[in-house]
Amino acid sequence: MIELLTPQEMSRADALAMENGPDDGGGLMRRAGATVVDEVLARFAEAPGFDILCGPGNNGGDGYVVADLLGERGLDVAVWRLAAPRAGSDCEAMAARCRAENSPLEDYRPVPGRIAIDALFGAGLSKPIEGTAAQALGKLRNAGVRVVAVDMPSGVSGATGQVLGIAAPAVLTVTFFRRKPGHLLYPGRALCGETVVADIGIDAGVLDEIAPRCFVNDPALWRAQWPVMEPDLHKYRRGHVGVFSGGPMATGAARLSARAAARIGAGAVTLLSPGAALAINAMHLTSIMLRRVEGEQELLQFHEERNPKAYVLGPGFGVGEQTRRFAELVLEAQQSAGLVLDADAITAFAGNPQRLADAASKRRGDLFLTPHVGEFSRLFPELGGNDDLSKLDRAREAAARMNAVIVFKGPDTVIAAPDGRAAINANAGPHLATAGSGDVLAGMIAGLCAQGMSGFEAASAAVYLHGETGNCCGAGLIAEDLPERLPQILRDNF
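Converting from the sequence shown to the numbering used here requires adding 644 to each position, the first position being numbered 1.
Source of the hints: derived by calculation from the structure; they are not laboratory data. All values derive from a computational prediction rather than experimental measurement. Every residue gets a Cβ at the ideal spot worked out from N, C-alpha and C, and that includes glycine. Be a bit skeptical, because a hint or two may be false.
Said to hold, decoys possible - Here are the in silico distance ranges between beta carbons for each label pair:
#	residue 1	residue 2	range
1	Phe1138	Ala731	54 to 60 Å
2	Arg687	Asn664	30 to 36 Å
3	Met927	Ala1077	27 to 33 Å
4	Val841	Asn996	41 to 47 Å
5	Ala894	Arg1008	52 to 58 Å
The task is simple: from the sequences and hints, build the whole structure.
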(Lines of atoms letter the chains of each structure in order from A and count residues from 1; the text may use other names and numbers.)
(Lines give C-alpha, C1' and ligand atoms only; values in the text may rest on other atoms or scores of the structure.)
Protein backbone atom coordinates (compact mmCIF):
# COMPACT_ATOMS: atom_id res chain seq x y z
CA MET A 1 0.00 0.00 0.00
CA ILE A 2 2.53 2.58 -1.14
CA GLU A 3 0.05 5.05 -2.64
CA LEU A 4 -0.63 8.25 -0.69
CA LEU A 5 -4.02 9.82 -1.35
CA THR A 6 -4.93 13.45 -0.88
CA PRO A 7 -8.19 14.01 1.03
CA GLN A 8 -9.88 14.74 -2.30
CA GLU A 9 -8.56 11.49 -3.79
CA MET A 10 -9.73 9.58 -0.72
CA SER A 11 -13.21 11.05 -1.13
CA ARG A 12 -13.14 9.84 -4.72
CA ALA A 13 -12.09 6.37 -3.55
CA ASP A 14 -15.04 6.30 -1.15
CA ALA A 15 -17.42 7.39 -3.92
CA LEU A 16 -16.12 4.74 -6.33
CA ALA A 17 -16.40 2.08 -3.65
CA MET A 18 -20.03 3.02 -3.01
CA GLU A 19 -20.78 3.00 -6.74
CA ASN A 20 -19.28 -0.45 -7.13
CA GLY A 21 -20.84 -1.90 -3.96
CA PRO A 22 -21.65 -3.89 -1.99
CA ASP A 23 -21.45 -1.23 0.76
CA ASP A 24 -23.06 2.18 0.76
CA GLY A 25 -21.68 5.05 2.82
CA GLY A 26 -23.18 3.69 6.01
CA GLY A 27 -21.67 0.28 5.36
CA LEU A 28 -18.19 1.77 4.91
CA MET A 29 -18.70 3.78 8.08
CA ARG A 30 -19.63 0.69 10.07
CA ARG A 31 -16.58 -1.13 8.75
CA ALA A 32 -14.37 1.82 9.65
CA GLY A 33 -15.73 2.00 13.18
CA ALA A 34 -15.29 -1.73 13.65
CA THR A 35 -11.62 -1.59 12.63
CA VAL A 36 -11.02 1.23 15.10
CA VAL A 37 -12.58 -0.85 17.87
CA ASP A 38 -10.40 -3.83 16.99
CA GLU A 39 -7.22 -1.73 17.13
CA VAL A 40 -8.24 0.02 20.35
CA LEU A 41 -9.09 -3.18 22.21
CA ALA A 42 -5.90 -4.85 21.00
CA ARG A 43 -3.96 -2.17 22.90
CA PHE A 44 -6.18 -0.63 25.56
CA ALA A 45 -8.68 -3.28 26.66
CA GLU A 46 -7.69 -2.64 30.29
CA ALA A 47 -8.74 1.01 30.18
CA PRO A 48 -11.45 1.94 32.73
CA GLY A 49 -13.48 3.79 30.13
CA PHE A 50 -13.64 5.41 26.72
CA ASP A 51 -14.62 8.96 25.77
CA ILE A 52 -15.57 9.40 22.12
CA LEU A 53 -15.45 12.97 20.81
CA CYS A 54 -17.74 13.19 17.76
CA GLY A 55 -17.97 15.86 15.09
CA PRO A 56 -20.96 16.45 12.79
CA GLY A 57 -19.46 14.87 9.66
CA ASN A 58 -18.25 11.48 8.48
CA ASN A 59 -15.46 11.35 11.06
CA GLY A 60 -18.06 11.77 13.77
CA GLY A 61 -20.13 9.01 12.17
CA ASP A 62 -17.18 6.66 12.59
CA GLY A 63 -17.04 7.76 16.22
CA TYR A 64 -20.69 6.91 16.86
CA VAL A 65 -20.07 3.42 15.47
CA VAL A 66 -17.05 3.04 17.76
CA ALA A 67 -19.09 4.12 20.79
CA ASP A 68 -21.92 1.71 20.01
CA LEU A 69 -19.62 -1.27 19.46
CA LEU A 70 -17.62 -0.59 22.62
CA GLY A 71 -20.89 -0.27 24.54
CA GLU A 72 -22.05 -3.64 23.19
CA ARG A 73 -19.06 -5.19 24.92
CA GLY A 74 -20.19 -3.81 28.28
CA LEU A 75 -17.45 -1.18 28.45
CA ASP A 76 -17.85 2.27 30.04
CA VAL A 77 -18.48 4.59 27.12
CA ALA A 78 -19.39 8.28 26.89
CA VAL A 79 -20.04 10.30 23.74
CA TRP A 80 -19.22 14.01 23.63
CA ARG A 81 -20.93 15.69 20.70
CA LEU A 82 -19.66 18.87 19.05
CA ALA A 83 -22.88 19.49 17.11
CA ALA A 84 -25.86 17.62 15.71
CA PRO A 85 -25.00 15.54 12.64
CA ARG A 86 -25.93 16.97 9.29
CA ALA A 87 -29.51 16.15 8.39
CA GLY A 88 -29.85 13.15 6.11
CA SER A 89 -26.19 12.19 6.44
CA ASP A 90 -24.65 8.82 7.23
CA CYS A 91 -23.40 10.41 10.43
CA GLU A 92 -26.98 11.15 11.46
CA ALA A 93 -27.92 7.52 10.80
CA MET A 94 -25.02 6.22 12.91
CA ALA A 95 -25.83 8.64 15.72
CA ALA A 96 -29.44 7.41 15.76
CA ARG A 97 -28.22 3.80 16.09
CA CYS A 98 -25.75 4.62 18.86
CA ARG A 99 -27.04 3.59 22.30
CA ALA A 100 -24.31 5.30 24.30
CA GLU A 101 -25.21 8.35 26.36
CA ASN A 102 -24.03 11.60 24.79
CA SER A 103 -23.30 15.03 26.21
CA PRO A 104 -22.25 18.41 24.82
CA LEU A 105 -18.55 18.63 23.97
CA GLU A 106 -18.16 21.82 26.01
CA ASP A 107 -18.79 19.74 29.15
CA TYR A 108 -16.00 17.28 28.40
CA ARG A 109 -13.23 16.94 31.00
CA PRO A 110 -10.41 14.44 30.37
CA VAL A 111 -10.09 11.77 33.04
CA PRO A 112 -6.69 10.12 33.62
CA GLY A 113 -6.66 6.49 32.55
CA ARG A 114 -9.63 6.74 30.20
CA ILE A 115 -8.99 6.56 26.45
CA ALA A 116 -10.10 9.55 24.39
CA ILE A 117 -11.13 8.67 20.84
CA ASP A 118 -10.82 11.73 18.62
CA ALA A 119 -13.51 11.56 15.93
CA LEU A 120 -14.06 15.30 15.55
CA PHE A 121 -12.53 16.01 12.14
CA GLY A 122 -10.74 13.78 9.63
CA ALA A 123 -7.97 14.28 7.08
CA GLY A 124 -10.00 16.67 4.94
CA LEU A 125 -9.91 19.57 7.41
CA SER A 126 -9.17 22.79 5.49
CA LYS A 127 -9.56 25.59 8.04
CA PRO A 128 -8.29 26.23 11.57
CA ILE A 129 -10.20 24.66 14.44
CA GLU A 130 -11.83 27.20 16.72
CA GLY A 131 -14.35 27.48 19.53
CA THR A 132 -15.58 24.46 21.45
CA ALA A 133 -13.59 21.95 19.39
CA ALA A 134 -10.36 23.89 19.95
CA GLN A 135 -11.05 24.07 23.68
CA ALA A 136 -11.65 20.31 23.85
CA LEU A 137 -8.42 19.56 21.98
CA GLY A 138 -6.58 21.93 24.29
CA LYS A 139 -7.92 20.01 27.30
CA LEU A 140 -6.76 16.74 25.73
CA ARG A 141 -3.32 18.08 25.00
CA ASN A 142 -2.83 19.56 28.45
CA ALA A 143 -4.21 16.56 30.35
CA GLY A 144 -1.85 14.10 28.70
CA VAL A 145 -4.48 11.37 28.36
CA ARG A 146 -4.03 8.68 25.72
CA VAL A 147 -5.71 9.70 22.46
CA VAL A 148 -6.71 7.47 19.56
CA ALA A 149 -7.34 9.44 16.38
CA VAL A 150 -9.84 8.31 13.77
CA ASP A 151 -8.30 8.89 10.32
CA MET A 152 -6.13 11.84 11.41
CA PRO A 153 -5.63 13.76 14.67
CA SER A 154 -8.18 16.57 14.51
CA GLY A 155 -6.49 19.79 13.52
CA VAL A 156 -3.89 18.13 11.27
CA SER A 157 -4.29 18.60 7.54
CA GLY A 158 -4.24 15.32 5.65
CA ALA A 159 -2.85 17.14 2.63
CA THR A 160 0.05 19.00 4.26
CA GLY A 161 0.67 17.62 7.75
CA GLN A 162 0.38 21.17 9.11
CA VAL A 163 -1.58 21.98 12.24
CA LEU A 164 -4.65 24.11 11.57
CA GLY A 165 -5.18 25.95 14.82
CA ILE A 166 -4.60 23.23 17.40
CA ALA A 167 -4.18 19.46 17.60
CA ALA A 168 -3.77 16.92 20.38
CA PRO A 169 -1.08 14.26 19.83
CA ALA A 170 -2.35 10.71 19.42
CA VAL A 171 -0.72 7.49 20.57
CA LEU A 172 -2.55 5.68 17.77
CA THR A 173 -4.10 6.80 14.50
CA VAL A 174 -6.33 4.46 12.53
CA THR A 175 -6.81 5.51 8.93
CA PHE A 176 -8.57 3.72 6.10
CA PHE A 177 -7.57 2.20 2.74
CA ARG A 178 -4.46 4.37 2.19
CA ARG A 179 -2.42 6.89 4.15
CA LYS A 180 -2.49 10.60 3.33
CA PRO A 181 0.56 12.85 2.87
CA GLY A 182 -0.18 14.42 6.27
CA HIS A 183 0.50 11.10 7.97
CA LEU A 184 4.14 11.31 6.80
CA LEU A 185 4.88 15.04 6.61
CA TYR A 186 5.93 16.81 9.79
CA PRO A 187 4.56 17.95 12.16
CA GLY A 188 1.63 15.64 11.34
CA ARG A 189 3.77 12.52 11.48
CA ALA A 190 4.84 13.27 15.05
CA LEU A 191 1.23 13.86 16.12
CA CYS A 192 -0.14 10.61 14.67
CA GLY A 193 1.75 8.21 16.93
CA GLU A 194 1.50 4.67 15.62
CA THR A 195 -0.40 4.73 12.33
CA VAL A 196 -2.48 1.74 11.23
CA VAL A 197 -3.98 1.51 7.74
CA ALA A 198 -7.20 -0.49 8.00
CA ASP A 199 -8.93 -2.42 5.25
CA ILE A 200 -12.58 -1.42 5.13
CA GLY A 201 -13.46 -3.24 1.91
CA ILE A 202 -12.50 -0.65 -0.71
CA ASP A 203 -11.17 -2.51 -3.74
CA ALA A 204 -7.67 -1.45 -4.79
CA GLY A 205 -8.95 -1.26 -8.35
CA VAL A 206 -10.34 2.22 -7.64
CA LEU A 207 -6.74 3.45 -7.77
CA ASP A 208 -6.67 2.83 -11.51
CA GLU A 209 -9.18 5.63 -12.00
CA ILE A 210 -7.69 7.93 -9.35
CA ALA A 211 -4.11 7.46 -10.65
CA PRO A 212 -2.34 8.82 -7.54
CA ARG A 213 1.01 10.55 -8.08
CA CYS A 214 2.36 10.49 -4.53
CA PHE A 215 3.80 7.46 -2.78
CA VAL A 216 5.47 6.21 0.36
CA ASN A 217 9.14 5.74 -0.51
CA ASP A 218 9.29 1.97 -0.41
CA PRO A 219 11.32 -0.59 -2.43
CA ALA A 220 8.13 -1.49 -4.30
CA LEU A 221 8.38 1.94 -5.91
CA TRP A 222 11.79 1.37 -7.51
CA ARG A 223 12.84 -2.25 -7.12
CA ALA A 224 12.02 -3.09 -10.76
CA GLN A 225 14.80 -0.73 -11.86
CA TRP A 226 17.42 -1.98 -9.41
CA PRO A 227 20.68 -2.74 -11.31
CA VAL A 228 21.06 -6.42 -12.17
CA MET A 229 24.53 -7.93 -11.81
CA GLU A 230 24.97 -9.93 -15.02
CA PRO A 231 27.70 -12.63 -15.06
CA ASP A 232 29.69 -10.91 -17.83
CA LEU A 233 29.57 -7.45 -16.24
CA HIS A 234 32.72 -5.29 -16.19
CA LYS A 235 33.47 -2.14 -14.25
CA TYR A 236 32.66 0.43 -16.89
CA ARG A 237 29.34 -1.20 -17.69
CA ARG A 238 28.52 -0.67 -14.01
CA GLY A 239 28.90 3.06 -14.56
CA HIS A 240 31.61 5.64 -13.96
CA VAL A 241 31.06 8.54 -11.52
CA GLY A 242 33.08 11.76 -11.36
CA VAL A 243 33.11 13.65 -8.07
CA PHE A 244 34.46 17.21 -7.87
CA SER A 245 36.76 17.92 -4.94
CA GLY A 246 37.26 21.23 -3.22
CA GLY A 247 40.60 22.79 -2.36
CA PRO A 248 43.19 21.43 0.07
CA MET A 249 41.21 22.44 3.17
CA ALA A 250 37.88 21.09 1.86
CA THR A 251 38.44 17.63 0.43
CA GLY A 252 36.68 15.33 2.89
CA ALA A 253 33.12 15.92 1.70
CA ALA A 254 33.93 14.91 -1.88
CA ARG A 255 35.68 11.75 -0.69
CA LEU A 256 32.57 10.81 1.28
CA SER A 257 30.50 11.17 -1.89
CA ALA A 258 33.02 9.20 -3.94
CA ARG A 259 33.14 6.37 -1.40
CA ALA A 260 29.34 6.19 -1.31
CA ALA A 261 29.09 6.07 -5.12
CA ALA A 262 31.49 3.14 -5.15
CA ARG A 263 29.78 1.30 -2.28
CA ILE A 264 26.34 1.61 -3.90
CA GLY A 265 27.70 -0.20 -6.96
CA ALA A 266 29.31 2.21 -9.44
CA GLY A 267 32.07 0.29 -11.25
CA ALA A 268 34.53 3.19 -11.29
CA VAL A 269 34.75 6.48 -9.41
CA THR A 270 37.17 9.31 -10.14
CA LEU A 271 37.81 12.23 -7.81
CA LEU A 272 38.32 15.38 -9.88
CA SER A 273 40.74 17.48 -7.87
CA PRO A 274 42.38 20.88 -8.21
CA GLY A 275 46.13 20.62 -8.35
CA ALA A 276 46.66 22.05 -4.87
CA ALA A 277 44.59 19.23 -3.35
CA LEU A 278 46.01 16.32 -5.35
CA ALA A 279 48.51 15.26 -2.69
CA ILE A 280 46.09 15.28 0.22
CA ASN A 281 43.46 13.42 -1.80
CA ALA A 282 46.03 10.85 -2.95
CA MET A 283 46.90 10.13 0.69
CA HIS A 284 43.31 9.07 1.40
CA LEU A 285 42.33 7.19 -1.78
CA THR A 286 42.82 3.57 -2.77
CA SER A 287 40.11 2.18 -5.05
CA ILE A 288 38.92 5.68 -5.96
CA MET A 289 40.84 7.11 -8.93
CA LEU A 290 42.25 10.64 -8.93
CA ARG A 291 42.51 13.16 -11.74
CA ARG A 292 43.57 16.79 -11.90
CA VAL A 293 40.74 19.06 -13.09
CA GLU A 294 41.42 22.77 -12.66
CA GLY A 295 39.40 24.38 -15.40
CA GLU A 296 36.87 23.91 -18.13
CA GLN A 297 39.18 22.34 -20.71
CA GLU A 298 40.39 19.70 -18.28
CA LEU A 299 36.81 18.87 -17.38
CA LEU A 300 35.76 18.56 -21.02
CA GLN A 301 38.77 16.41 -21.80
CA PHE A 302 37.97 14.06 -18.92
CA HIS A 303 34.33 13.89 -20.00
CA GLU A 304 35.20 13.02 -23.59
CA GLU A 305 37.87 10.47 -22.65
CA ARG A 306 36.12 8.61 -19.86
CA ASN A 307 32.42 9.13 -20.64
CA PRO A 308 31.23 9.12 -17.01
CA LYS A 309 27.55 8.44 -16.46
CA ALA A 310 27.11 10.73 -13.46
CA TYR A 311 28.80 13.53 -11.52
CA VAL A 312 28.57 14.95 -8.02
CA LEU A 313 29.25 18.68 -7.70
CA GLY A 314 29.03 20.76 -4.56
CA PRO A 315 30.31 19.02 -1.42
CA GLY A 316 33.10 21.26 -0.14
CA PHE A 317 33.55 22.79 -3.59
CA GLY A 318 32.77 26.46 -3.01
CA VAL A 319 30.11 28.79 -4.38
CA GLY A 320 31.90 30.78 -7.07
CA GLU A 321 31.63 31.11 -10.82
CA GLN A 322 33.61 27.93 -11.42
CA THR A 323 30.88 25.94 -9.68
CA ARG A 324 28.23 27.42 -11.95
CA ARG A 325 30.32 26.88 -15.12
CA PHE A 326 31.13 23.26 -14.27
CA ALA A 327 27.42 22.57 -13.74
CA GLU A 328 26.55 24.16 -17.07
CA LEU A 329 29.26 22.23 -18.91
CA VAL A 330 28.03 18.89 -17.62
CA LEU A 331 24.38 19.69 -18.32
CA GLU A 332 25.09 20.88 -21.86
CA ALA A 333 27.70 18.26 -22.81
CA GLN A 334 27.07 16.18 -25.91
CA GLN A 335 27.61 12.92 -24.05
CA SER A 336 24.81 12.62 -21.50
CA ALA A 337 25.62 12.33 -17.81
CA GLY A 338 23.54 12.68 -14.68
CA LEU A 339 24.48 15.52 -12.35
CA VAL A 340 23.87 15.68 -8.61
CA LEU A 341 24.08 19.25 -7.31
CA ASP A 342 24.47 19.31 -3.54
CA ALA A 343 25.52 21.78 -0.85
CA ASP A 344 27.69 24.58 -2.33
CA ALA A 345 26.50 23.91 -5.87
CA ILE A 346 22.92 24.73 -4.85
CA THR A 347 23.92 27.88 -3.00
CA ALA A 348 26.08 28.97 -5.98
CA PHE A 349 22.91 29.49 -8.03
CA ALA A 350 20.92 31.15 -5.23
CA GLY A 351 21.27 34.61 -6.74
CA ASN A 352 20.27 33.48 -10.21
CA PRO A 353 18.16 30.32 -10.23
CA GLN A 354 17.05 31.06 -13.79
CA ARG A 355 20.60 30.46 -14.98
CA LEU A 356 20.41 26.94 -13.62
CA ALA A 357 16.93 26.44 -15.05
CA ASP A 358 18.18 27.52 -18.48
CA ALA A 359 21.05 25.05 -18.33
CA ALA A 360 18.73 22.31 -17.08
CA SER A 361 16.43 22.86 -20.05
CA LYS A 362 19.32 21.72 -22.29
CA ARG A 363 20.30 18.71 -20.19
CA ARG A 364 20.81 15.31 -21.72
CA GLY A 365 21.14 13.41 -18.46
CA ASP A 366 19.19 13.55 -15.23
CA LEU A 367 19.67 16.53 -12.93
CA PHE A 368 19.28 16.15 -9.17
CA LEU A 369 19.13 18.90 -6.55
CA THR A 370 19.46 17.79 -2.92
CA PRO A 371 18.74 20.81 -0.71
CA HIS A 372 18.03 20.92 2.99
CA VAL A 373 15.49 23.52 4.08
CA GLY A 374 18.00 26.40 4.25
CA GLU A 375 19.44 25.69 0.81
CA PHE A 376 15.95 25.26 -0.63
CA SER A 377 14.88 28.65 0.70
CA ARG A 378 17.99 30.31 -0.70
CA LEU A 379 17.43 28.91 -4.19
CA PHE A 380 13.63 29.23 -4.15
CA PRO A 381 12.88 32.09 -1.70
CA GLU A 382 9.32 32.58 -2.96
CA LEU A 383 8.54 28.89 -2.42
CA GLY A 384 10.39 28.49 0.85
CA GLY A 385 8.61 31.50 2.31
CA ASN A 386 5.11 30.53 1.17
CA ASP A 387 3.30 29.12 4.19
CA ASP A 388 0.33 28.14 2.03
CA LEU A 389 2.42 25.43 0.38
CA SER A 390 3.28 22.10 1.97
CA LYS A 391 6.74 20.61 1.72
CA LEU A 392 5.32 18.30 -0.95
CA ASP A 393 3.93 21.24 -2.93
CA ARG A 394 7.24 23.10 -2.70
CA ALA A 395 9.26 20.15 -3.91
CA ARG A 396 6.95 19.51 -6.84
CA GLU A 397 6.96 23.13 -7.94
CA ALA A 398 10.75 23.30 -7.71
CA ALA A 399 11.10 20.10 -9.74
CA ALA A 400 8.89 21.52 -12.48
CA ARG A 401 10.78 24.84 -12.56
CA MET A 402 14.20 23.24 -12.73
CA ASN A 403 13.35 20.24 -14.89
CA ALA A 404 15.11 18.26 -12.18
CA VAL A 405 14.55 15.64 -9.51
CA ILE A 406 14.34 17.47 -6.19
CA VAL A 407 15.42 15.67 -3.03
CA PHE A 408 14.10 18.03 -0.35
CA LYS A 409 15.90 16.66 2.67
CA GLY A 410 14.80 16.40 6.28
CA PRO A 411 13.17 13.89 8.63
CA ASP A 412 10.39 13.69 6.02
CA THR A 413 12.50 13.88 2.85
CA VAL A 414 10.40 14.48 -0.27
CA ILE A 415 11.57 13.25 -3.66
CA ALA A 416 9.82 15.01 -6.55
CA ALA A 417 10.15 14.51 -10.31
CA PRO A 418 9.44 17.07 -13.05
CA ASP A 419 6.47 14.98 -14.24
CA GLY A 420 4.65 15.41 -10.91
CA ARG A 421 5.48 12.09 -9.26
CA ALA A 422 6.58 12.38 -5.65
CA ALA A 423 7.56 10.14 -2.77
CA ILE A 424 7.77 10.86 0.95
CA ASN A 425 10.41 9.00 2.90
CA ALA A 426 9.48 7.43 6.22
CA ASN A 427 12.37 5.21 7.32
CA ALA A 428 15.13 7.66 8.26
CA GLY A 429 16.01 8.12 11.92
CA PRO A 430 17.55 11.10 13.73
CA HIS A 431 21.06 9.60 13.75
CA LEU A 432 21.45 10.77 10.14
CA ALA A 433 21.46 14.37 11.36
CA THR A 434 25.24 14.55 11.32
CA ALA A 435 27.82 16.42 9.24
CA GLY A 436 28.63 14.67 5.97
CA SER A 437 25.49 12.54 5.85
CA GLY A 438 24.15 14.54 2.90
CA ASP A 439 27.47 14.16 1.02
CA VAL A 440 27.07 10.39 1.30
CA LEU A 441 23.51 10.59 -0.02
CA ALA A 442 24.67 12.64 -3.03
CA GLY A 443 27.21 9.96 -3.91
CA MET A 444 24.63 7.20 -3.55
CA ILE A 445 22.28 8.97 -5.97
CA ALA A 446 25.07 9.43 -8.51
CA GLY A 447 26.13 5.80 -8.15
CA LEU A 448 22.64 4.51 -8.91
CA CYS A 449 22.18 6.99 -11.75
CA ALA A 450 25.46 5.80 -13.28
CA GLN A 451 24.17 2.22 -13.19
CA GLY A 452 21.20 3.14 -15.32
CA MET A 453 18.35 3.81 -12.90
CA SER A 454 15.99 6.60 -13.99
CA GLY A 455 16.19 9.84 -12.06
CA PHE A 456 13.16 9.56 -9.78
CA GLU A 457 13.81 5.90 -9.02
CA ALA A 458 17.55 6.43 -8.42
CA ALA A 459 16.91 9.26 -5.98
CA SER A 460 14.14 7.40 -4.18
CA ALA A 461 16.22 4.24 -3.83
CA ALA A 462 19.22 6.19 -2.53
CA VAL A 463 17.14 8.05 0.05
CA TYR A 464 15.56 4.83 1.29
CA LEU A 465 18.85 2.94 1.54
CA HIS A 466 20.49 5.94 3.19
CA GLY A 467 17.78 5.73 5.86
CA GLU A 468 18.22 1.98 6.28
CA THR A 469 21.97 2.38 6.63
CA GLY A 470 21.56 5.07 9.26
CA ASN A 471 19.19 2.86 11.23
CA CYS A 472 21.66 0.00 11.01
CA CYS A 473 24.49 2.16 12.37
CA GLY A 474 22.36 3.69 15.14
CA ALA A 475 23.73 5.76 17.98
CA GLY A 476 27.25 7.07 17.53
CA LEU A 477 26.88 7.23 13.74
CA ILE A 478 29.27 9.50 11.85
CA ALA A 479 29.12 10.00 8.10
CA GLU A 480 32.17 7.83 7.44
CA ASP A 481 30.25 4.84 8.80
CA LEU A 482 27.53 5.00 6.16
CA PRO A 483 29.41 3.84 3.02
CA GLU A 484 31.06 1.03 4.98
CA ARG A 485 27.73 -0.31 6.23
CA LEU A 486 26.10 -0.21 2.78
CA PRO A 487 27.22 -3.73 1.71
CA GLN A 488 25.34 -5.22 4.65
CA ILE A 489 22.18 -3.24 3.80
CA LEU A 490 22.41 -4.28 0.15
CA ARG A 491 22.83 -7.94 1.12
CA ASP A 492 19.78 -7.73 3.36
CA ASN A 493 17.59 -6.05 0.73
CA PHE A 494 18.62 -7.64 -2.58
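Right, here's what the structure says about each hint:
Checked against the given bound of 54 to 60 Å, the beta carbons of Phe1138 and Ala731, roughly 57 Å apart, stay inside it. Range check, Arg687 to Asn664: Cβ separation about 33 Å, and the 30 to 36 Å hint holds. A hinted range of 27 to 33 Å for the beta carbons of Met927 and Ala1077 is consistent with their spacing of about 29 Å. A beta carbon spacing of about 44 Å between Val841 and Asn996 agrees with the range 41 to 47 Å that was offered as a hint.
Range check, Ala894 to Arg1008: Cβ separation about 29 Å, and the 52 to 58 Å hint is violated.
The structure fails to meet hint 5 from the earlier list, while all remaining hints are met.
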